[in-house]
Each structure stands twice: as C-alpha cells, then as structure tokens.
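Enquirer: Sequence:
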Amino acid sequence: MTTVILDGVRTPFGKWKGSLRDYEAKDLGALVVKELVTRVPEVKEADGVILAQVIQAGQGQNPARHVAAKGGVSLETPAVTLNNVCLGGLAAIADASRRITLGEGNLYIAGGFDSMTNAPYTSSIRKELAIGPVEYYDTLQDGLWCALSNESMGLLSDGKNEELTISREEQDAFAALSQQRASQAKAKLQEETFPIETKNGTLHHDEGIREGSTAEKLQKLSPAFRKDGTITAGNASQMSDGASVGIITSAEKADELGKKPLAAVLGWSEVAGPDESLHLKPARAIAALLEQQSLSVSDIDLFEINEAFASVAIASCRELDLPIEKVNVNGGAIAVGHPLAGTGFRLVLTLAHELRRRGGGKGIATLCGGGGQGMALLIDVPKEGGI
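This note's numbering numbers the first residue of the sequence shown as 45 and each following residue consecutively.
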C-alpha cells in the first residue's frame with residue numbers, strides 16, 4: 045500500500061526569545077493543527093494524531109492530545125506524543141505510514157513542535173531539606189545535552205570536528221551558503237507557512253534568516269564551546285520556536301478525498317551508534333535507506349540534511365560524496381532555525397515543495413539525533429501524472 049503526504053504546513057520559525065516568545069510549545073502546535081484542519085476539514089476525524097515534542101516538562105499530560113483538541117480535531121481521535129529528540133518529526137511520519145500499511149487506519153496527522161524559548165526550569169523540591177539552597181535544572185538541556193556522554197552536544201561535536209579534520213573555514217563557508225540560499229528562497233519558504241499574530245505585529249517569515257551573511261563576517265565570531273573550538277553561534281543551528289505538521293494517508297484515501305498529494309512516502313531508515321557523536325549519522329541513515337530501496341546517490345534528486353551543526357552536514361556530504369548542488373538548496377537550520385521536534389516534518393515539507401517546483405523526483409530528508417542516532421526518509425513526487 046502506498047502512503048502519501050496529503051498536505052502540510054508549518055509556522056514561521058521564530059528566533060529564541062523572538063516574536064513567538066509568548067506562545068507555549070503546545071500553543072504553537074495547536075495553531076498549526078488548526079490551520080491544517082482549516083485546509084482539509086476531513087482531518088478532524090483522523091484515525092490518529094502522532095506528534096513529537098522534545099521539551100515536554102510543564103506541558104501537561106500527553107501534549108499531542110492537547111494540541112489536537114485545541115486544534116479542532118475530534119475528541120474521539122487518539123493522540124500520542126513521541127520523543128526521540130530531533131528525529132521525532134520524521135519518526136511521526138514513519139509511524140503513521142506504518143499504521144496505514146498495517147491497516148490500523150488511513151488518515152493521520154503527524155509532525156512536531158517545540159518552544160525552546162519557553163523551556164522551564166525545574167527543581168526536585170519535594171526531596172530537598174527544609175533549609176538550604178534549592179538547585180534548578182534547565183530543561184532546555186533535554187534538547188542540547190547528550191545524556192550518554194554527559195556533555196553538551198556542541199562540545200561533543202567540536203571534538204568530533206577535530207577528529208574528522210573539519211576546519212573552521214569550511215564550516216563558516218557552509219553556514220554562509222545556508223544563509224545566502226535561505227535569503228534568496230524567502231518567498232519559497234513562505235509558501236510552507238501561515239502568518240502568526242504576535243504582540244509586535246504579524247510574523248510572516250522565518251525570523252533567523254540573516255541577509256548579507258558572508259564567511260568573512262562569520263570568521264569574526266568567537267568559539268561557542270571550546271576555547272580552541274571551531275563551532276560558533278554562526279555555524280550551528282539556531283535555537284528556535286516552531287511547529288510543522290501534515291496529513292499522512294493512503295493513496296486510495298487521497299483519491300477518495302479528491303486531493304492530489306504532495307508526495308509519496310517510499311521508505312525510511314533508522315541508525316544508531318557506534319558512538320554518541322552526530323556527524324555521520326545522517327550519512328549512515330541515507331546509506332541504509334538507499335540499500336533498502338536498491339537505489340544509489342545518483343537516483344536521488346535532492347537531499348535535506350538537518351544543519352544541527354554545519355560540520356554534521358559537511359561530514360555527511362563528504363562520506364557519501366553528495367554534490368552540494370543537491371543539498372539544502374533553500375538553506376537549512378543554520379538560517380531557518382531548528383525548533384527540535386518541529387524540524388523533521390519541516391525538512392520533508394521543504395523537500396516536497398522544491399521537488400514539485402522542479403517537476404518531480406525523489407528526495408531524502410535526514411537528521412542526526414541526540415545520543416548518537418540518525419534517521420532518513422525517502423519521498424517521491426511523480427514527474428508525470430498522479431501518485
């Protein structure tokens with residue numbers, strides 16, 4: 045059975061403490077689900093809602109259920125919240141596709157949401173002594189700190205850069221290209237989004253895109269993690285707030301609804317280890333997926349590799365000899381932003397829209413994930429006719 049992405053939409057991604065600061069993660073999720081329901085009213089009666097969120101503390105029971113109900117989905121539709129860090133948005137698509145293939149249902153909402161701005165501080169106050177100081181834990185660390193190596197993923201990745209001999213100059217050049225491509229593609233990226241009202245006006249576009257970025261300007265930034273490190277605020281993904289969701293269904297159901305899908309889901313792969321590093325996990329996930337589908341790199345028209353750090357994308361491109369002309373052609377997370385669980389479906393949405401503009405083709409979206417994991421998903425936009 046062929047599963048398809050019927051439609052999808054996302055919020056513009058807000059900068060950390062930026063225009064979307066007054067929206068909790070679950071509120072951003074509800075806004076984007078509501079927009080999806082407005083576009084495709086039939087999804088109110090979906091067979092399930094599968095949404096990812098990384099920073100869940102303080103968001104209430106099963107945030108996906110809250111998001112679905114507030115977004116206008118029937119209370120008779122079950123919802124589940126996933127969390128495998130940045131992979132969650134892709135995992136939601138895969139889970140929905142798997143359920144359709146197994147005959148559990150044929151209409152699902154999938155995606156993810158996070159607000160890094162609103163990550164709360166928590167304290168184990170119930171077990172504290174009656175006197176003395178109280179320690180607080182920053183739950184933002186749930187997205188930024190490797191629980192296996194017990195260090196920030198920035199510090200972990202800086203060390204891996206040295207091991208893989210990825211220079212500061214190479215990272216800054218890649219980051220500048222990401223910003224330049226995103227700047228040129230602002231209108232294209234805006235096609236994926238809907239405007240959001242804020243206290244300071246309406247947010248129409250991704251807030252982190254920097255006009256006029258160059259490698260020379262980026263070279264002036266100080267290292268962010270190690271004194272002698274090569275990762276900076278300019279060549280790493282931006283902390284962001286945002287949500288992206290879509291409708292996963294069967295090709296038959298799409299025909300029944302009279303709607304042309306964005307893309308078909310052909311397959312996916314998940315990898316882990318052998319260490320906690322991030323750099324080569326997208327490449328390993330792509331390689332596993334290509335082997336599974338009996339395809340080669342040359343069979344793929346476009347790649348979306350999440351730019352958790354410029355060096356992650358660089359390492360994966362090196363490993364598979366990917367031509368930069370096929371990778372992140374409209375920029376990536378360095379420019380657009382990376383709201384953790386909100387990124388996975390965004391990659392697929394961007395990929396599907398760009399393939400359609402080019403007349404169709406195959407594309408792979410891939411991410412690394414905290415703890416040393418990776419995932420890739422293959423989609424197809426037919427070059428002629430329907431799905």
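By construction, these hints were calculated from the structure, which means they are not laboratory data.
Model, not experiment: these values are computed from the prediction.
Honestly, I wouldn't trust all of these hints.
[Claimed, not checked] Once the Cα atoms are required to be at most 30 Å apart in a straight line, the calculated DSBU-like pairs of lysine-lysine come out as: (1) K243 - K232; (2) K303 - K59; (3) K230 - K427.
Enquirer: Could you run down the list of hints and mark each one as holding or not?
Expert: Here is what the structure says about each hint:
Taken as a hint, the K243 and K232 pair is honoured in the structure, with Cα atoms around 26 Å apart against an allowance of 30 Å. Annotation: proposed proximity of K303 to K59 is violated, straight-line Cα distance about 34 Å (limit 30 Å). With a C-alpha separation of about 25 Å, the suggested pairing of K230 with K427 holds against the 30 Å cut-off.
Checked against the numbered hints given earlier, the structure breaks only hint 2 and satisfies all the rest.
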